[in-house]
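Enquirer: Given next are the chains, with one letter for each unit.
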Amino acid sequence: MTWWCSASTEPWSWGFRAYPGIWVLMTALIVGYVAIWRRHRPQTLTAADRRKPLWFGLGMAVLWGATDWPLGTLGAGYLASAHMVQYMLYTLVAGPLLLLGTPEWVARPVVTRLRLEGVLRIAAKPLVAGVVFNLILLGTHAPFTVDTFRASQFGSFTLDMLWIGSGLLLWLPLLGPLPEHVHPSPAVRCIYLFLASGALPMVPGGIITFSSFPLYATYELAPRVHDISATTDQQAAGILMKIGNIPIVWGYIFVTFVRWATTDRQASATTARQQRSTPEPLARH
Amino acid sequence: MATTLDPTPGAPPSPAPPSGPPRWIYAVFALGGVAFVTLAVAVLLLGDRTGGSSAARWHGTLLEPAAPRPSFVLTDTDGRPFDFAAETSGELTLLFYGYTNCPDICPIHMATIAQALDRINVDARVVFVTTDPARDTPERIRAWLDTFDPSFIGLTGSPEEVAAAQQAIGMTVAVTEPADAEGDYTVGHGSGVWVITPDDRVHLIYGFGTRQDDWVADLPAIAREPDWQARVP
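These protein sequence lines are chains A and B, in that order.
Residue numbers for the first sequence follow our numbering, so the first one is 1 and each next one is one higher.
Residue numbers for the second sequence follow our numbering, so the first one is 1001 and each next one is one higher.
Hints may contain errors.
[Said to hold, decoys possible] For each label pair, taking beta carbons as the anchor points, the in silico distance ranges come out as: (1) B:1181 x A:40: 55 to 65 Å; (2) A:128 x B:1172: 57 to 67 Å; (3) A:35 x B:1181: 42 to 52 Å.
In short, the hints are calculated from the structure, not lab data.
Beta carbons are placed, not taken as given, at the ideal position from N, Cα and C, and that holds for glycine.
Kindly generate the complete structure, drawing on both the sequences and the hints.
Expert: Structure, rendered in structure tokens:
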């Protein structure tokens, strides 16, 4: 029994493989969330607060699904495309869901206890978050990194943690639980997400897609899964990196613009009402 | 009359006019810089690895002394006798011993070689000799090889003939492992691809782990070399 998914020379089969390390980590995250929730829960919960556990639960489900068998196993040692699906789930689905699912009164005690205020204040700046996110993307998709880290359980665990961390970082200026981390301008938020997660990853995505050779020895020399060739697998991975983010990125941009426009319209209507209700000054004769 | 730009005495000082370029210029430059660095790092980290390959240094193991091209006669996938030494004489030949039910090494070697040969203009014959003649019929071998490259030659024979073909190149004869409850079994066999050059000598062997770009780097150099003996240090 191994505790974390890593590269394997064992032929692929759909037989279940157990990774207790993943179960321990996921259980610890859920237990920690529940404990902090109970301890710091305010007297009355808002409707938004009551929805938070649902978002968190969905985030944990995605996180667990991306890490554990079968996707985690496939991504760690068999298919570059599965590796990319894992990455996209961590950074584009689990990351925002976990942030959405964390109320301010859960996040603030943790941030204070771990003395993360200073680090997070800098990390939440869109330029910093975007640069660090893309550096992690590039660093963790370099052939040397993948082949080295995926070969061992500890390396594979490190890679997964880096991805989860970069997913949280990416969304911190957009959906962070602490309001001071969320950038106030909807336009900046949209441009940031488009550049950091939509435009820049197209560069490595294109290189992976159009590379003449399989870049990763881990996947090139892995036992084949359903006769998918190493080249086809890598092309699928590259395409995923290039365009797999579109639904999430553009979905966020769409929702943000609709909310922005709605707020703007309501503000205009309120102003107009106020102007109509204000009596005109009397003319002096 | 002279005009003055001095503020009216007693009035509050007006804010200083902004100096220098507007702030968005910095943001544009910063984003441009990030994009440039991303591109540069991506090319550096993800670029093809073939540039560093040296024709003087093989990815396989040089065999010294180079043995002569092995001689054996087996049956090809059309059911005809195939005299290996005679049929491939004077040609660059990649010879591999394996079996079609192999879960890892054999299909990976075949796929890697096929995809590498697709990318280079090298006349090389690829010959696959089964180590599992009980299951690998000519039809099965043909169907399996066609998934990689229809030009690959597949050979089989009686267990004795197949064993002799392995001994002909100096390999340990493959071992059939005990079957499981469903009757499936694996075959322990050598994992190397033997490279026989046009001088009819076995000069190199490429073990499992040889990648497409290794073949692409080596095969043209192997094929171009007119006098293989001169290359042997």
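Enquirer: Indicate, hint by hint, whether the structure satisfies it.
Expert: The hints, checked one at a time:
no.	hint	result
1	B:1181 x A:40: 55 to 65 Å	56 Å, holds
2	A:128 x B:1172: 57 to 67 Å	59 Å, holds
3	A:35 x B:1181: 42 to 52 Å	48 Å, holds
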